[in-house]
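Protein chains: 2
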Amino acid sequence: MKTESIEYQDGAVTLRGFLAYDDKKTGKRPGILVMPEAFGLGTHAKERAERLASLGYVALAGDPYGNGVEYNDLQEAIKHVGALREDPAKFRQRGRVALDKLASLPQVDPNRLAAIGYCMGGTFALELARDGASLKGIVSFHGGLETQRPAASGQVKAKILVCTGADDPFIPVAQVNALADEMTKAGVDWQLISYGGTVHSFTNPEAGKVGMPGIAYNKSADERSWKAMMAFFDEIFA
Amino acid sequence: MKTESIEYQDGAVTLRGFLAYDDKKTGKRPGILVMPEAFGLGTHAKERAERLASLGYVALAGDPYGNGVEYNDLQEAIKHVGALREDPAKFRQRGRVALDKLASLPQVDPNRLAAIGYCMGGTFALELARDGASLKGIVSFHGGLETQRPAASGQVKAKILVCTGADDPFIPVAQVNALADEMTKAGVDWQLISYGGTVHSFTNPEAGKVGMPGIAYNKSADERSWKAMMAFFDEIFA
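Chains as they are written, first to last, in my numbering: chain L, 12 to 249; chain W, 12 to 249.
Don't read these hints as lab results, they were simulated from the structure. Worth double-checking, as some hints may not be accurate.
In this list, chains with the same sequence are indistinguishable; a pair is considered to hold if it fits within one copy or across any two.
What the hints assert, rightly or not - With a Cα cut of at most 30 Å, we get these calculated DSS-like pairs of lysine-lysine:
| # | residue 1 | residue 2 |
| --- | --- | --- |
| 1 | 220 | 196 |
| 2 | 39 | 196 |
| 3 | 57 | 220 |
| 4 | 196 | 230 |
| 5 | 90 | 57 |
| 6 | 147 | 13 |
| 7 | 238 | 147 |
| 8 | 90 | 13 |
| 9 | 90 | 196 |
| 10 | 57 | 196 |
| 11 | 196 | 35 |
| 12 | 196 | 238 |
| 13 | 36 | 238 |
| 14 | 35 | 220 |
| 15 | 101 | 36 |
| 16 | 238 | 39 |
| 17 | 90 | 35 |
| 18 | 168 | 36 |
| 19 | 238 | 168 |
| 20 | 147 | 230 |
| 21 | 168 | 196 |
| 22 | 238 | 57 |
| 23 | 36 | 57 |
| 24 | 35 | 101 |
Sequences are here, hints too, so could you generate the full structure?
Here's what the structure looks like:
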């Protein structure tokens with residue numbers, strides 16, 4: 012497997028992503044954009060990109076902030092998330108440039124793309140879908156579901172899979188129900204899995220380091236949601 | 012594959028179930044109880060039992076009413092469901108006798124049992140779980156989630172997977188949320204998949220015959236929920 016740092020631009024901002032693919036494979040393969048948690052592009056999203064590469068996909072873990080910066084402090088991360096999400100058009104653009112970079116790679120089939128994301132990365136994936144990006148599907152893991160620009164009827168090309176913790180304090184039931192209403196009204200093919208006894212950041216083995224109730228790794232929900240994603244990919248890339 | 016009619020008793024009532032298994036296989040295998048929709052034991056549940064048998068399970072499609080009776084008219088079926096559900100202890104007993112019959116079969120491993128069900132059959136499966144039956148797991152497909160006897164903390168042995176249509180008029184959001192609360196409070200391992208654009212009876216290709224809005228087959232949700240069940244079985248029987 013080959014992994015490399017990969018640069019791309021959003022206007023004046025230089026993003027530094029992480030690319031993983033099997034360099035023994037030939038021919039164009041489906042490309043998966045992997046957007047990380049609010050802390051920035053770190054170990055967790057990179058490890059998922061490597062897993063996807065080992066399964067035959069070309070995976071690009073995107074950089075949300077520029078220069079591959081990571082924030083270790085939750086409050087600092089939240090501040091930067093706020094700045095990034097202030098303008099929904101700019102937020103979508105930050106996802107778009109990563110997806111465009113992925114689609115442009117010689118080993119990627121630009122007609123077979125998906126986006127997945129964790130926490131804020133899940134919101135990136137959803138916003139790309141709402142924006143009508145040419146994606147076969149998106150998967151959000153403990154991602155924020157709210158938006159300033161709800162999906163318009165007939166505009167969403169991606170099938171949507173949302174994996175969320177039933178006890179996630181950042182994704183309350185009202186937010187889940189609002190997404191369901193939004194996607195149903197927009198005629199989207201969507202499904203949502205709610206995991207009982209599961210809180211925010213359930214896919215990240217390092218989640219406990221934040222030291223906050225409501226943020227914790229959950230091995231069972233992590234493994235189940237990964238398998239649900241694989242079944243979803245089998246369907247959308249069939 | 013071998014299929015046969017199989018009789019068992021609930022007090023004075025003779026139930027007539029449908030057993031399916033691979034008679035070329037030797038040794039004890041996991042047993043799956045399949046409880047049908049409110050119309051009684053018909054083609055749909057029998058076909059699912061056959062599918063499970065072809066996958067190596069011993070499957071018993073249970074008879075909810077006695078003598079294998081089927082009702083073709085929805086209103087008539089609803090009347091009989093009402094009678095059956097009036098006394099929660101009797102309702103659970105009707106499920107228990109089917110599960111006991113399955114567990115007693117020589118080809119079944121009584122330590123590896125699951126129950127699945129459709130519509131009222133999903134309620135049967137859930138009530139068995141609430142009753143503390145020795146099940147590795149249960150799966151409810153478009154099943155009613157309400158109960159007169161909520162699960163008590165620590166009493167449920169089964170892992171729970173609920174597959175429900177987001178637009179099912181018989182299973183509104185309030186019912187889904189109540190189940191989530193009940194199962195979380197009882198410390199149950201549960202997960203719930205909500206399928207967008209999907210109404211009641213989504214697994215039954217004949218659902219349209221009822222001629223009622225809110226009851227319709229949905230091929231995509233049928234196939235997705237079947238695959239989710241298979242992944243769940245892989246986990247609970249691992």
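The hints, checked one at a time:
1. 220 - 196: Classified as between; 27 Å across copies, 39 Å inside a copy.
2. 39 - 196: Result: close neither inside a copy nor across copies, 35 Å intra and 49 Å inter.
3. 57 - 220: Within one copy only: 18 Å inside a chain, 50 Å across chains, cut-off 30 Å.
4. 196 - 230: Between. Shortest inter-copy distance 20 Å satisfies the 30 Å Cα cut-off; intra-copy 34 Å does not.
5. 90 - 57: within (23 Å within a copy, 57 Å between copies)
6. 147 - 13: within (25 Å within a copy, 41 Å between copies)
7. 238 - 147: both (18 Å within a copy, 19 Å between copies)
8. 90 - 13: neither (34 Å within a copy, 64 Å between copies)
9. 90 - 196: Classified as neither; 32 Å inside a copy, 34 Å across copies.
10. 57 - 196: Neither, since 35 Å and 36 Å both go past 30 Å.
11. 196 - 35: Cα proximity of residue 196 and residue 35: none, with 44 Å in one copy and 50 Å across.
12. 196 - 238: both (28 Å within a copy, 26 Å between copies)
13. 36 - 238: both (23 Å within a copy, 29 Å between copies)
14. 35 - 220: neither (37 Å within a copy, 53 Å between copies)
15. 101 - 36: neither (35 Å within a copy, 60 Å between copies)
16. 238 - 39: Both ways: residue 238 and residue 39 sit 24 Å apart in one copy and 28 Å across, limit 30 Å.
17. 90 - 35: neither (42 Å within a copy, 64 Å between copies)
18. 168 - 36: within (28 Å within a copy, 46 Å between copies)
19. 238 - 168: Answer is both: 23 Å inside a copy and 23 Å across each meet the 30 Å cutoff.
20. 147 - 230: Both, since 27 Å and 19 Å are each at most 30 Å.
21. 168 - 196: within (14 Å within a copy, 39 Å between copies)
22. 238 - 57: both (18 Å within a copy, 28 Å between copies)
23. 36 - 57: Only inside one copy: residue 36 and residue 57 sit 20 Å apart there, 45 Å across copies, limit 30 Å.
24. 35 - 101: For residue 35 and residue 101, the Cα distance exceeds 30 Å both inside one copy (37 Å) and across copies (62 Å).
Of the numbered hints given earlier, the model fails hints 2, 8, 9, 10, 11, 14, 15, 17, 24; all others are met.
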